[in-house]
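There are 2 protein chains.
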Amino acid sequence: MSKIEVKAYGAQAKDAALEPLDIKRREVLDDDVKIDILYCGVCHSDIHQVRNDWGNSKYPVVPGHEIVGRVLEVGKNVTHFKEGDLVGVGCMVDSCQHCDACNEGLEQYCENGATMTYNGKDKHLGGHTFGGYSETVIVKEDFVLSVPENLDTKATAPLLCAGITTYSPLRHWEVEEGDKVGVIGLGGLGHMGVKFAHAMGAHVVMITTSPDKSEDAKKLGADEVLISKDEEAMKKHAGSFDFLLNTVPVKHDLNPYIQLLKRDATMVIVGAIEPLEEMHGGSLIMGRKSVAGSVIGGIEETQEMLDFCGEHDITCDVEMIDIQNINEAYDRVTSSDVKYRFVIDMQSLKN
Amino acid sequence: MSKIEVKAYGAQAKDAALEPLDIKRREVLDDDVKIDILYCGVCHSDIHQVRNDWGNSKYPVVPGHEIVGRVLEVGKNVTHFKEGDLVGVGCMVDSCQHCDACNEGLEQYCENGATMTYNGKDKHLGGHTFGGYSETVIVKEDFVLSVPENLDTKATAPLLCAGITTYSPLRHWEVEEGDKVGVIGLGGLGHMGVKFAHAMGAHVVMITTSPDKSEDAKKLGADEVLISKDEEAMKKHAGSFDFLLNTVPVKHDLNPYIQLLKRDATMVIVGAIEPLEEMHGGSLIMGRKSVAGSVIGGIEETQEMLDFCGEHDITCDVEMIDIQNINEAYDRVTSSDVKYRFVIDMQSLKN
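Residue numbers (the working numbering), protein chains in the order written: chain L, 1 to 351; chain X, 1 to 351.
Take these hints with a grain of salt, some might be off.
[Said to hold, decoys possible] Mimicking PhoX-like on lysine-lysine, the simulated pairs with C-alpha atoms at most 25 Å apart in a straight line are: (1) K251(L) - K251(X); (2) K262(X) - K121(L); (3) K121(L) - K235(X); (4) K7(X) - K58(X); (5) K235(L) - K121(X); (6) K262(L) - K121(X).
[As the list claims (entries may be wrong)] Residues from chain X that keep clear of chain L, each with C-beta distances beyond 12 Å, as calculated: (7) I4; (8) E19; (9) L72; (10) N77; (11) T79; (12) H80; (13) C96; (14) Q97; (15) G120; (16) G127; (17) E141; (18) D216; (19) Q303; (20) E304; (21) S336; (22) N351.
[Said to hold, decoys possible] To give an idea of the chain X side of the interface with chain L (calculated C-beta under 10 Å), a few residues: (23) L106; (24) H172; (25) I273; (26) G281; (27) M286; (28) V295.
If you're looking for bench data, these hints aren't it; they were derived computationally from the structure.
Every residue gets a Cβ at the ideal spot worked out from N, C-alpha and C, and that includes glycine.
Just chain L, with the same shape it has in the complex:
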């Protein structure tokens, strides 16, 4: 298979800074869409992978799974996209497409393992996949999403990961108009959780450790702000939530949040791919409560989410950077110093 050389940015080793690289992409196959990348969001997991925090990184790591761009070229079997279309690619670029999960439109839970956009196993070229911190990407049509043209394009990029990660559990656990929904943690994920829950008609409570985030949370659509360190306030809200979306990305104590749930209600963890502090069995037992997890969403649901954003005029709050500033941006993400997502203007790579 012939290969195309593409400019990218990536890390050559665990503690190395990201730097310019040349990578190889496959040629456009019959089912493929070649995308000129306009914008790529910076997800916290990009940093985990670059730093090999999960022990499964392959170098060079070219991160990026919040990709928005325009179609440059399509393979001969492609029917849904044509040159010039505004499209997106999220965390997956392929899956087996025949297991039960794939058949149910849940490619993220593919029983044979979905192919991740970067650091996944490259079925075509061997080696591993390279993500969106690059000029172009070539992706099977079935994993390409259509991005609404009516939105601010640069602010749509993080929808592909932060957006679907929060949208999917709100839908799966059937959040409805009037439900009292708590979103725990106001970062890249949390700010999207607030926007979606608000747009779905829920009474949204932002639950945060930081009183200084109150004003922002309300601007994003929160009806109330609950400071989790305020024990009195936490007591007042005890047993009152229909659903909790927990976006905290680090190890933490679930017990105070479980106390907030109504009987039979669920808290869904979407951020902490980490061991959690000791949970008390009694806090689940006394109220038939659940703690669950959820990862991104399937392709069909990701398209649904993008369409929902188009209809409700929802985008992410972003801070734009040039690719040359990526290492500094990583440091700022690590210290939670971003409102709420960095997006790389990929034009900066091409100049």
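Given chain L, put chain X in place with the hints provided.
Relative to chain L, chain X alone:
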């Protein structure tokens, strides 16, 4: 209100042995049923309460919430029971009967607090309630269950707690014929979980640390036995369970069991009213899995369970003791040396 003096057995203080006591019961009120106690099961929580392990015990503690007996007398408003009827009383003797939980038949989650059979707040006499280690008990009709006459009566007593604790989650999470259900831990709760899941048509796997429990588990209705310390065997069963009923009564590691769940499946904790070891967020996230809790069941469902037992000829495996041997029995329960529930023949108290 006039009071009746009744013989009982209880503990006068935290570290005291159980000994004969005289306690006061209320007179029979219009809505009450007076029961001559024939048998009372010994639940692990009796021991926790006697020893004040949960810090909320009130002395003297007269334990016992697996009560079976015959009706001696009924109040004038009582319509469902008459003298001589075989009846049972479980963990609750009252609740507010007007909150949402009570209105849904979920008195165990009463928002104003159900009245526990012992160590609950006694609404009539003040002080606290006394349980079934006694000659008689007087209970509001709405909290009295009808016990099928076709079963071995002494072996029905533990159905009132161990039975409903395992039956309720199997029903609530809609275990169906053909489902692969794992029951973790083979004790008082676990052995009932196996019987119920088997009777519901599930493919039942007993999951235990003890290979020497295999034969017993199969006699109880398990189709397979999985030794949780056998890493190879655990790997073979990974991602294959539709439902897990976790009856382990002590602090333990949930992670190996979560690995056994299918996508979207739930493990329900019914035994460990304790802090649990650190759970890994990723184990829930990668498969949209849930960990939940459940406590006993409502009155209507407890009756349904007893009727189910009558139809399917299900009772507990019990070892009979006299009340005079209760302290020794506690030591044996603590060291898991009982198959699978002690039941006190209350005749021994009356002699």
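* Earlier hints that do not hold, by number -> none
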